[in-house]
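Student: The listed protein sequences derive, respectively, from chains A and B. Numbering-wise, the working numbering puts 3 at position 3 of the first sequence, and it's gapless, one number per residue. Numbering-wise, the working numbering puts 23 at position 23 of the second sequence, and it's gapless, one number per residue.
By construction, these hints were calculated from the structure, which means they are not laboratory data. All residues carry an ideal CB built from backbone N, CA and C; glycine is no exception. Hints are supplied without guarantee of correctness; some may be wrong.
Said to hold, decoys possible - Covered stretches of chain A, going by a simulated chain B footprint (3 or more residues, C-beta under 8 Å):
id, segment
1, 175-189
2, 232-239
What the hints assert, rightly or not - For the chain A half of the interface with chain B, some residues (derived, Cβ under 8 Å), not all of them:
id, residue
3, Leu-121
4, Lys-193
5, Val-219
6, Pro-223
Take a look at the letters that make up each chain.
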Amino acid sequence: MNTGATTTAPLAGHADDHHGGNYINCESGWKSWIFTLDHKRIGIMYLGAILFSFFLGGVFALLVRTELITPDRTIMSADDYNRMFTLHGAVMTFLFIIPGIPAALGNFILPLMLGAKDVALPRLNLASLHIYIIGAIMAVLSILLGGVDTGWTFYTPYSTTTNGAVIMVTMAVFVLGFSSIFTGLNFIVTVHKMRPAGMGWFRMPLMLWALYATAIIQVLATPVLAITVLLLVAERSLGIGIFDPALGGDPVLFQHFFWFYSHPAVYIMILPAMGIISELVAIYSRKAIFGYRAIAYSSIAIAIFSFLVWGHHMFVSGQSELATVIFSALTFSVSIPSAVKVFNWLSTMYKGSIKLETGMVYALAFIFLFGIGGLTGLFLATLATDVHLHDTYFIVAHFHYTMMGGTMIAFLAGIYHWWPKLFGRMYSQKWGNIGAVLVFVGFNATFFVQFIMGAKGMPRRYFNYPPEFEIYHQISTAGSYLLAVGLFVAAGVLIHSLIAGRKAPINPWGAATLEWQAASPPIHHNFDGPLVLTDPYDYSGLRWDEGEQGFVWKDRDKEPASS
Amino acid sequence: MSKAARETGYEGRSHVAHYFDTALQQYETHKLGLWIFLVTEILMFGGLFCAYAIYRARHPEIFMYAHTLLDKNLGAINTIVLLFSSFTMAWSVRAAMLGQRKLLVGLLAVTLLCGFGFLGIKAIEYNHKWQHGLLWGERFDYAALQDHGGGHGEELIVDEHAEEVIHHEAEEHGDSHTAEGAEVMAELDHDAEVALAHGHAPEDIPRNLHIFFGIYFVMTGLHGVHVIAGMILIGWLLRRAIRGDFGTRNYTAVDLGGLYWHLVDLVWIFLFPLLYLIH
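With the rest of the complex left out, here is chain B (with noise of 0.2 Å):
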């Protein structure tokens, strides 16, 4: 702690900052405050999971259909893209860390492409949503599901034609026992509405499935938010490292981005399973 062991702290340390005793405290104080930022993503993250569990829960009908209108093939090509960016920003450490200038530059670039790559796919994915009407919310298109799920719409019209038919009876109960029929009639609608919310068979097109797609617009939406933003940052240290900044002893930026990228990569490994792979 003393003024002069500061000093003598600071030779031939540039990247080392005043208020730092030594480079490795530097180093250790950058890291730490990363994991912590990564934990507060994880958390932030952590509430769409926990509201796709509780949705999952209560309505598991929505999410067993719906997830079978999403393309599995873009979705698994998508996490071998993301894999593989890992892997190479891994590489790209190590690369810094060795010195390698080069080879850092190269496999940057190759993760930053990767990114592009799963955007792209991403983007052809949601467009295939917009254009089919799957949707959030009031902008679900549940006439264009019938026309893209074949079978599924059909069933869902004799399911509109057996409500009529409970509707009908309850009126004619009601004709004849005014009391008691007014009772049975609630008793009839309750049905008719469970069996609407909850009374279908796998095939049929379960209420609310716009639910499973406003939370998979808003989770992937928000992953999407964070690879643009891990995009930047690495392309950031692709513009350092070729301006030479990295070496041996001062590769921190690059690790802490490798960092970042990963956690991104590892909320795609959770939300791929989660949302395009339900048994």
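Just chain A, same shape as in the assembly (with noise of 0.2 Å):
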């Protein structure tokens, strides 16, 4: 906080002055969290939505896992297997992961990081929560009436003939469509609009410069997916025949028509993670980022080709030869970008002096478990081993190390990083980094083994295997119990932080962006004084201040460079 500025306004820091006014407190009662346009409390009612659907998701696919134990029967049906799995695709894609990082903790991260008092259209950022709470209780209500045995991915035929409530989930996702496409749009415009004078494109955190991406992609891809399901669902309850080969229709253009949207929703879930880990290598390596321009760029860039390969998904659905090499190389091509991004990261950790608060840990698995995430697509962008490969395991393995070593950990990080600034308290760091390694060694145990059983030819979704692959499913099994045990202390640590957690300082990690100006919690209109708009990784400025507890501006007499 640039105390410095003593003359103008009360800062930010003095929130105590305001008689415990911070976002939490200031308003009570239920209707002031359900009909709220504060983006703030928005962002941590999707917070908690999010996190129930990623422990819904969770416990699936422990039942998954578990049944795969043994080559037969362990504790569920076939049928039931085939409803379990998903239910796990479906809520952790749709209900976890899109969302997940721009809905809960970018609706509570963008504005502040602008320094602005909200985001553009609060109205529309409400409607985008209760939408997405209609979408997942109508996920859930599909359970109850008779479930979804169909694959995440619902391709036809087999999802207008089989029985059960196709119907009621896709309609779902079409509903979960708006609630993410209401997000993006509220972002591009925040952006475009919102910007304090003198931060220019370039001097944005690059956390904003993958929120926009990532809403651009949300923007022009959810629409597809709309449509998608409009026409599945027309095709199931009125046999339109658009899909159904019995009346002229074109099965594969389903999968066309999905993996238009469902490929760039893949950037949708990893572009936001990337722009955690961005802001987070620089701030825990005390040093400023390493080829600023060339993330920013590589963010876009990622989104331009995301929609550009949404073939490789039908390298043996019956494509044609010429579509199918024109996919692979353009595939090949998106690891460009992303390895602009790793080597960017890893330059700017190259003689920091990093520091390894939980947020860091997390960091530096994200980068680890990317890495084999991405290095694994190419063998599935190569057509040649992508034929051995389609429908194994190790297509499995590949995107949990993307989806979840990349996405989830990348949230988990974030979460550890802002979580004083969204609570106002500091957790245990030990028991942090504790829970932290847990969840890293759990992961690998679980998605590791997947590789060699795919790599040898078990197939993805199968309720029977033959007895040589057991092993390989029990070393999993265990893993993913590891991943939840790791899970649960890093949520208990959360927790315990709620209750017995010391009060957190404005700035505890000694970051320059300007959400670290706020109090923690920030109150209501986020800001209460002048901002120091500085380079967001120029960390010179700031030194720790033992008596805070945490970091202030040194120059106390500069002038706010934005008032």
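Got two chains here, each in a separate frame; can you build the complex from them with the hints?
Tutor: Dropping the structure here:
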């Protein structure tokens, strides 16, 4: 906090003067939450809903893994197993990973990073939350209506012929799409119109670049999913015949439509995660980010490439050879902007004074796991190897390394990093790190063996398997239990901090972005005084203050760059 | 960005939300937001246009034949109705900007009436299709089409007869030379299928005609839903205009409602030639 500007206004750090006037306790009653327009409260409610979805999806995952301990029936029937992995995939994808970072953390952080009072369209933001909750209820209702056993991709013709609540779950996806579009639209408009004077595009924190690139994909790809699931619903309920070969339709067209959205959606998941890592690596290395522009442009490059590679999901679906070769080449090219990011993070850490705060431990885990996830993607982009690896556990391991090892780990990194800002409490770094190590070890135990069994030919989604795969499945299941324990430790550390954690300072990690100039937790209107707008990665102006137990701005007499 | 500047920015601007510095910033923000929303609408329809393009490229004969079953005149009238409503909508935005309240109310009312007119004409068209079984998927009534289509029907019957003859020949071949005959039969069967799928003269009824009507109903239906949404929006604007909410400094809502209505119009401008006026 620039306490040098004492003459102008009371400062954000002195929220105590306002008699506990932070965003959490400024109003009370459930209506003040459900109908709030405050982006912080909306973000917190999103966080709660998304963590609940993550818990549900995690329980489904553990049930799937438990079933696979033995080659035959272990705890459930084959039909229940099909419903279980479908639910796991649908809940994790549509309710957790896609909205996870943008809607929960992004909602909270983005206006603060811009030094703004709120997002540009707060009512749309609230609508997005309400729509998300309606969609989530519809998705859960589909379980009561008999469940869905199509897999989360709803491929035709199976999805138009199987029994079960396909219409309910696809309409849930349709509704959730609106929630995603509204969040993305809001973020684009906010970044364009709410930046403070002095923050040009290339002075934005990289998290904002990442959220912006994500929002572009959300806005451009999600409507195609909307029309795809509408066509699927029309196919199932009216029999319009567009995807039905018996009526002259083309089931592969559904795959094209579906992946035209769902492949960009993969980058909706990973881009904000990369944004978090770009922030954390610089902050915890106490060193300016290496290659700022390269990272910023690579986010946009990934957003553009993401629309050009959907065909790699159909290498074995009867796509023309020419299309297959082109999609393969384009898929390889995605690795360039991804690698640009990874090398820039590594270069940032080089000769930095790395502090192993819990956020950084998760960030390091991300770089390692994303590295494996990204490199194994090259095996799948190669046509000859993909024919062998397609629909095996190799691909299951690949996308879990990128989605879970990537996005989920970055989500945890972000939660641990911004936790003091979200709730104003510090947690135990030691136990936070223990949780992170458990998650890391458990994750690798679960999924690394899946690469091996996939390469040996174990197909995905199978209920029974030959006995030679038993040992791999058992290691994987044991790993998943360890992973669950790690996640409970991680959650426990945070819950404990709410009860017994010490009060967080304004800037515990010495970050230079604007959200760390608001009180912890911020007041209702975010900022109470003039802001010091500096280069977001220049930490030279900050020093540790023993009294505050946090970082303060050195140059107390410096005039704020923006007032 | 200073607090003082923000506070002065509020004076006399009750319609500016507290998190905006100026009315202009608010106006630009809302306008950008709506443009992005229109982009999502275009992409949503884009999926359908894509499906249209794929099926038309693969089965041009279906489209060439099926479009003759649509009523061009009603489609043209509807196009004129929507174009006129776009004109009154654009004019009402100008009226709002100039603070001409009575004119604004009148123009919005005309626009809304045009919306009802469009839906009414569309309902007549849908009703006609329904009665003649010109529907999607398995609901498509080929028998009714024979009555409806007159000359087309007879040729369909001739076609079926030809197919029978081919099968008959194939069976004869099969009797005399078993191994060779099976091969020939398969070949002939294939020929018959090809003949049915592709080999029609323009007068014949092609197979899978219902695909066209599946696409027709999904596209015009989704467009119809958008017309209804636009009419609800205009109704809301009309109510606010009557109440006197809009003035020379506050006309954003009319402006944005107008943009949305133009998009609805624009989609129809593409649908009309693609569905009704194929050559």
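Student: Are there hints from earlier that the structure breaks, and if so, what are their numbers?
Tutor: No numbers; nothing is violated.
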